[in-house]
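Asks: Quick note, the sequences are listed as chains A, B, C and D, same order. Just so we're aligned: the first sequence equals residues 1 to 348 in the UniProt record's numbering. Just so we're aligned: the second sequence equals residues 1 to 348 in the UniProt record's numbering. Just so we're aligned: the third sequence equals residues 1 to 348 in the UniProt record's numbering. Just so we're aligned: the fourth sequence equals residues 1 to 348 in the UniProt record's numbering.
Treat the hints with care, as some may be off.
To be verified - Okay, derived cross-link-like pairs now, DSS-like style, lysine-lysine, Cα gap no bigger than 30 Å in a straight line:
| hint | chain 1 | residue 1 | chain 2 | residue 2 |
| --- | --- | --- | --- | --- |
| 1 | C | Lys-14 | B | Lys-224 |
| 2 | D | Lys-182 | B | Lys-43 |
| 3 | D | Lys-307 | D | Lys-97 |
| 4 | C | Lys-63 | C | Lys-43 |
| 5 | A | Lys-43 | D | Lys-97 |
| 6 | C | Lys-19 | D | Lys-224 |
| 7 | B | Lys-292 | A | Lys-224 |
| 8 | D | Lys-43 | A | Lys-43 |
If you are wondering where the hints come from, they were derived from the structure by calculation, not from laboratory data.
Below are the chains, spelled out letter by letter.
There are 4 protein chains.
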Amino acid sequence: MAMVCLSDFEAHAKKYLPKIAWDYFAAGTDDCITRDENTLAYKRIRFRPRMLRDVSVMDIRTKILGNEISFPVGIAPTGFHQLAWPDGEKSTARAAKAMNTCYITSTYSTCSLEEISAAAPGGLRWFQLYIHRNRAASQQLVQRAEGLGFQALVLTADLPYMSKRRDDIRNGFRLPPHMKLKNLEQEFEVCKKSLMDPSVTWNDIHWLQSLTHLPIIVKGILTKEDAELAVRHGVRGIIVSNHGGRQLDEVPATIDVLAEIVEAVRGRVEVYLDGGIRKGSDVLKALALGAKCVFIGRPALWGLAYKGEEGLQDVLRILQDEFRLSMALAGCASVSEIGRHLVQVSKL
Amino acid sequence: MAMVCLSDFEAHAKKYLPKIAWDYFAAGTDDCITRDENTLAYKRIRFRPRMLRDVSVMDIRTKILGNEISFPVGIAPTGFHQLAWPDGEKSTARAAKAMNTCYITSTYSTCSLEEISAAAPGGLRWFQLYIHRNRAASQQLVQRAEGLGFQALVLTADLPYMSKRRDDIRNGFRLPPHMKLKNLEQEFEVCKKSLMDPSVTWNDIHWLQSLTHLPIIVKGILTKEDAELAVRHGVRGIIVSNHGGRQLDEVPATIDVLAEIVEAVRGRVEVYLDGGIRKGSDVLKALALGAKCVFIGRPALWGLAYKGEEGLQDVLRILQDEFRLSMALAGCASVSEIGRHLVQVSKL
Amino acid sequence: MAMVCLSDFEAHAKKYLPKIAWDYFAAGTDDCITRDENTLAYKRIRFRPRMLRDVSVMDIRTKILGNEISFPVGIAPTGFHQLAWPDGEKSTARAAKAMNTCYITSTYSTCSLEEISAAAPGGLRWFQLYIHRNRAASQQLVQRAEGLGFQALVLTADLPYMSKRRDDIRNGFRLPPHMKLKNLEQEFEVCKKSLMDPSVTWNDIHWLQSLTHLPIIVKGILTKEDAELAVRHGVRGIIVSNHGGRQLDEVPATIDVLAEIVEAVRGRVEVYLDGGIRKGSDVLKALALGAKCVFIGRPALWGLAYKGEEGLQDVLRILQDEFRLSMALAGCASVSEIGRHLVQVSKL
Amino acid sequence: MAMVCLSDFEAHAKKYLPKIAWDYFAAGTDDCITRDENTLAYKRIRFRPRMLRDVSVMDIRTKILGNEISFPVGIAPTGFHQLAWPDGEKSTARAAKAMNTCYITSTYSTCSLEEISAAAPGGLRWFQLYIHRNRAASQQLVQRAEGLGFQALVLTADLPYMSKRRDDIRNGFRLPPHMKLKNLEQEFEVCKKSLMDPSVTWNDIHWLQSLTHLPIIVKGILTKEDAELAVRHGVRGIIVSNHGGRQLDEVPATIDVLAEIVEAVRGRVEVYLDGGIRKGSDVLKALALGAKCVFIGRPALWGLAYKGEEGLQDVLRILQDEFRLSMALAGCASVSEIGRHLVQVSKL
């Protein structure tokens, strides 16, 4: 079967992954409404393409926090990559580096940060973290990441508790015994199942800042009010995210709240987005609505499940080609020409 | 099969109940548009969740008419519980008491008020009534309920006549001979099929007030005009209800008119809602739009049909867990933090 | 099978009528969008029912052009009733009289006006006509109808040409040889297939008025502009109609333009409606939006196909019962209490 | 099977064309959203038909750039007609001439311009072109077309690069070896696959004007901004087109942007449309929204696939009959009576 578009990789993963792993990656909370909305919402946005512009030389590069990437798509933090491919996050890191983009590494990786760094030295990586009940453990993780050359911290804000994902409950999902959360081995022995501290507040951003020189990005913001708070607390970036529809169900699709947040932020920090990106034209829409860059979650896992780092590169390359072509057909020769005028949004 | 969410109980009941009983409980009027809208309408409401709030200590208790309940979900009045479980309303009363919530007992119960009271002494119960052509019979019922410790009267306003429920007509639905409307045995012998008095008006609220010290709640209000009338006639609470889609078809979903009624009432009385609650997040939406508490009808029957009082407790516990988790993920640590800001509502 | 609602009669007719006859009655133009919209549009209208009103004595009678009918539903003009039942329009006339309502008799009847009149003497009937190329033939028809006691003329305005109904073309539909257009036998011999005069204009209303003392009603109006013209040309009533979706396709559902026309007419003439009525609550919606009476087309044919005049009475009786019950559940004890406040209409 | 409407021809073509050819003609870009929207958008437009107007004499002729055509439907430029019928574009030219309408001949024809001209001498034809990297080749084509009597140039503006059409990639679509792009044989040998020049801008319109006396029409405009630019650069007409949904996906349906463009142009040039026309009433809607004429793409190919020039004439004749009938039923006796008042448009 030819791998022509990202849904081909999805179909492949659904067919070849063990059901329990497919279900885990595919899961949304409750009725999975937000998970599905994340993709459907793009269908309500139409382009207003401009014709007869010189698009003979296309430049799709961008910068995030000052680092150039080959195109505005990075890898969102997702856990347990060994469920998709034996080499796990090491393959992810290699693919991201090969494609010259950013890989946000999850705390819940099945390779250690050290293994990941060694697999793709010099690659642009950010480290995703939760603040744990055991603050010392969190502090240690932050400092390990900084020491290993990760260039930003991404604090996930939308998981004070794990949500209810029905299929995982039915399947009795748990990591297979031969896989480990390599970054948390010690900690897990102590307080299984309740690592995350649900008492975390905005003030803890200051605590994090006291531990590290790395810029802090907050992930999981869905309202302008929280965006304003994030800016005031000194974060350097915001990832508009609903955790892929895996936390509170029936929150809006991320693309549907992006414009509200971009407007609230008024350029003071960079705004990114994850959730629902399946085509190059989705990337173009997100950028038209103000995102500096987007991140892919499940599609990266489908790529891994197809052929490890090679499969993930295929996924990224398809998105890159589609993005470049969409830009050209919309009349934009460089990322700086993309703007709000390119799209019209239907109300729900 | 694991019972993970309320639709699991629905599927179980559909499979194991006699068709005629399932159809009776499931029935809506005419084309069942309102019945289905009651649940669909929740899908048009999106949360605006707030992040990084301290949700380590969750308090989901509330009070209705001054009585504390463990969470803002009670049991709506539905008839004929023996169709679902041999012990009928006695099991319902025991489950409600065990879960520390309110059970609105229907006039059309297959256990007598006395049996129900004896089954779960001290439980919080309200008594649902119709005003009958035979006013003396209604008076007697009110006074029996008051004597037995019921703490409020719930007058159903939307049933001057029974509506047309096609499946019940096709099935020739009637109560099996070994079940009885225990509270109405004498009366039924006299005037079968026309107990309800279609001449009842708002003035009859005053007549009811003259019979009892109990607070009166009116159930079946769908417009701000009637909400205003209810307040003016001295009721203490309003249940926004369309009788589960079982009376006039093609009235709005209850969640769609809740805000209009809450606004009209301006805090003078408590506003409750029934209809369409299937998940903890539905409860959160109703509270965000101003309900003090919601009541479940069919899901309680599915719980009974599964395992009697134990099954109903399962249903209530699932809703409780889901409600608590939804609150936390939306950034609310107590019921008092829930407000209109938490939701955005799409127009039809 | 129990005949509980009108769709039961539809299913029966679809099963037992010859396909060519079923297709002819069911046909809409082109893609049948308007035909289907006629019924779907009612689903977008919600009731705002009022509670605790005295509905113990229900009065569902109304008057059209001064004549009392038992409830605001009459029989719309449709052709070829012998395709549905051997006695054809004679049965229709008997059923309408038995139910004390109005029967608009089509020019294209398979019984003659004389036969129809003799079958149900004294029944309230209006005569539907087209203006033919052969004006003398039209004049003769008008005068025959007046002589036979028909009490109004209903001029169909939306058929300058027959529309394109795909199934009829595929089926090669034509009347079976043993059936005749009894009112037009002579005329048909002269100018088959082009009876209707496509040059007719509003001025021809004056010509009609010169031929008869009967009040003239115009059928097929869908815009306020034409409603205004109708009033100015002295018609006594307007039937908002799209010919059951059988003329220009993709015009609005009749219920969707009713309010616009009622508003334009400002009470100067009576406004009626046909198209899409399938339940008593549909009748209530049409009256709430300003119709004085509605007329049923296909459902009358399904009734005939079921059991002739008895079947049609069943259909009318079901509508009558449903209408009365809907009124009561909406809080109206008489037709005069029905008004615009009863409904809310969603925009398309 | 009777060929009653255009979808009959579609079904026939899908059944009898080789899959690879059907897929090529049917293809849209990416998820084919715009391709499907092109037809669906018409369903959201309703007529406001006027009654009792004299429609006994119907005149459906119109003029485009001063040339009279028998009705406002021409043939849009599509490539590779020999995939549909052995005689290819020669049959297309004959059918267009027989029906007295305009055929926009594609650069990518499988017959040469000379063969096409010889097949139907004197027919009204416009020549569609791209500006190629090899400007001399473009110049030669323009001058050949002018010499052969083509009466306008149609510059396609929306194809700086070919889009991504998944089915063609999966099928490995390429022209069968016995078919050739007759107009480009030499050129293709030089620079296969990259003929089109993506650096073309509005200034190249002036270059084109310097080569020819023919009026220039620009095809592929979807915004008022580009419409204004087109007028300012001296084009004589605009074809509102999204390339049948074959270039940038998720741009609006053409009928949805027509009014915006007509308004921007303010009558300074003629505005045409292609995309989604499947019924005579679609033509009426496009004219009501301001198009001077519409062009059909895929339906012409289905007609060819059915019976060559005879099949294409069937398609045109059906559209012509349907258009005339729709006009009459809407109350318009000539094209000049069609206007914005005839339609109401629902917002998405």
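Asks: Among the hints numbered above, which are violated by the structure, and what are their numbers in rising order?
Replies: 1, 2, 5, 6
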